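J.: Here the protein sequences come in this chain order: U and R. Numbers 8 to 264, taken from our numbering, label the letters of the first sequence in order. Numbers -14 to 306, taken from our numbering, label the letters of the second sequence in order.
Hints are computed from structural coordinates only; laboratory data are not their basis. The model shown is predicted, which means the values in this text are computed figures rather than measured ones. There may be inaccurate statements among the hints.
Stated by the list, open to error - Only part of the chain R face toward chain U is listed, based on derived beta-carbon distances under 7 Å:
1. Leu(-8)
2. Ser(-5)
3. Leu42
4. Arg66
5. Asn74
6. Ala76
7. Asp78
8. Leu80
9. Leu81
10. Thr84
11. Leu96
12. Ser97
13. Gly101
14. Pro157
15. Arg158
Claimed, not checked - Below, computed lysine-lysine pairings styled on DSSO-like, alpha-carbon distance capped at 27 Å:
16. Lys256/U with Lys212/R
17. Lys256/U with Lys175/U
18. Lys175/U with Lys212/R
To be verified - Pulled a few chain U residues facing chain R out of the computed Cβ check, cut under 7 Å:
19. Pro110
20. Val173
21. Lys175
22. Ala179
The beta carbon of each residue, even a glycine, is placed where N, CA and C say it ideally should be.
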Amino acid sequence: MSYALRDSSTMLRRYLLHMRRYPVMTFMVIMIPAVFLLLFVFVLGGTLGAGLGGDRSAYANYVAPGILLLAIAGAGQGTAISVAMDMSEGIIARFKTMAIFRPSVLTGHVLGSVVQTVVGLAIVVAIAIGVGFRPTATPVEWLAATGVLAMVSFAVIWVCLALGLVTKSVEAASNLPMPLLLLPFLGSGFVPTDSMPTAVRLFAQYQPFTPVMETLRGLLLGTAIGNNGILAVAWCAAMTVGGFVWSVKLYNRDPRP
Amino acid sequence: MANHPPLAISTTALRKSYGRKLVLDGIDLDVAAGSVLALLGPNGAGKTTMVQIMSTLIRPDSGRVLVGGHDAIADPGAVRRLIGVTGQNSAVDNLLTGTENLSLMADLMHLSRVEGRRRVVGLLERFELVDAARQPVATYSGGMRRRLDLAMTLVGDPRIIFLDEPTTGLDPRSRRTMWQIIRNLVADGVTILLTTQYLEEADQLADQVALLDHGRIIAQGTPDELKRRIPGGHIRLQFTHLSSLEAAARALGVSTSDTSTSDTDALTLDVPGDGGVRTLRYLLAELDRADIDVAGLSVHTPDLDDVFLTLTGTTEEGALR
């Protein structure tokens, strides 16, 4: 146990090296949300902005938190793929027969993915500001928003790590987290939930990403947060604990021949 | 038998099955400290499962495993501190360079920066990987990859090493290099348990050989002891006519009715003998005196192949089915 921090940081260094050698994944983490941002602002933004009672730049403000969550879900998909790829390598058997902090393989993956996600989010925010996103946040609110983003990234990545471990193939690992990519759409990410039919609206209001997006919207743009902050923290804590417990259980399974 | 050397590895009544398939059926195995034991058997005999259990990667269904005096099931952490494992699948990180792979091991072994650096440089030199040290492992040849794999196992200076098919898929030259590396480890007093399907490899490297077949150890001993368990060597004579075969059999006092020594279709006759010069000279003189034409002659010394065949009653291919 005493080596938990040291071994986790060793494994983190391993994954940071992987990202440098295999930059495609980091590129994807930035590309998917960037393309959606440009599509929604420049193609759909005029009409959707008018629907909100504003214009294209009003929509750029509205959609930014949804795009950030989309980026996080995309990063989670990347985590699932990379952990599934890693588990197919013989070096994992070597790690399991060494006297190291056993979950360090997992914590290294998660910390590496969080670093990757935070870098991706910073770039996506910069692009959003370039296309008309005008946050009104104070430095404290920026800090809080960063904290919320880090928290939800951590939670989503732990869940995706488990999804990557539970699959037998890399293809399946890339498909399983797909529903997460839909959550910003089936929530308050792209249009207000009031405009949706009842069944969809109920799902949209009670799924985990909506309180997170509402909290971000409140911190960055000054809209009302209400109890969304508490809900966001609760959802993230539940996802983190669930993802962690599930991942460790999956990792400790005996390998099948 | 009075002085038993201390045991590095000992298993008792080890059983493991996957679903309804019984993979290990009560394995008792002892490996003396500082010796080399080769676990020899065809594919599917249970060799890899044995290594996985002894190296704490998986747990047996029942039985006892002691490695370096520690119970591998109750206290795997203590065993992991003593052992090094080079599995059948290459256990290297393909995206990292040779140096980075070795440094990763040094960090995970919790060596100081200076000591880690010293061992990494030493191992790169010892395993002739200096030139490729800064290349990603993905560009390595099979032999280089296997050398790096073993070098990574040695970063922690383990006293007990498991090698699962260390030379499978290597070309003859790389195989010889690997054998030399293993011999050097033995000279340093390291205990080695290796698995192989190559009989020659077990003969070359091992002090003790255990023959594993269908999850059971069917024979164990030194390579020489095992060879002694089967009929001795023979000299095979090849003829062009059945009449000369029969004449030769009469001249040498060998029966042609025993189909295991005489093949009247292939026109071969096996004469028991050790293949020494004296025996050969006598044999040729007798054939010459009887004026018998011999088309060919070959000397057969018993090898572990014969042992396997005799003990299992199957060929390696047969055991696969």
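J.: Please write out, lowest number first, the hints stated earlier that are contradicted by the structure.
T.: 1, 2, 10, 11, 12, 13, 14, 15, 16, 18, 19, 20, 21, 22
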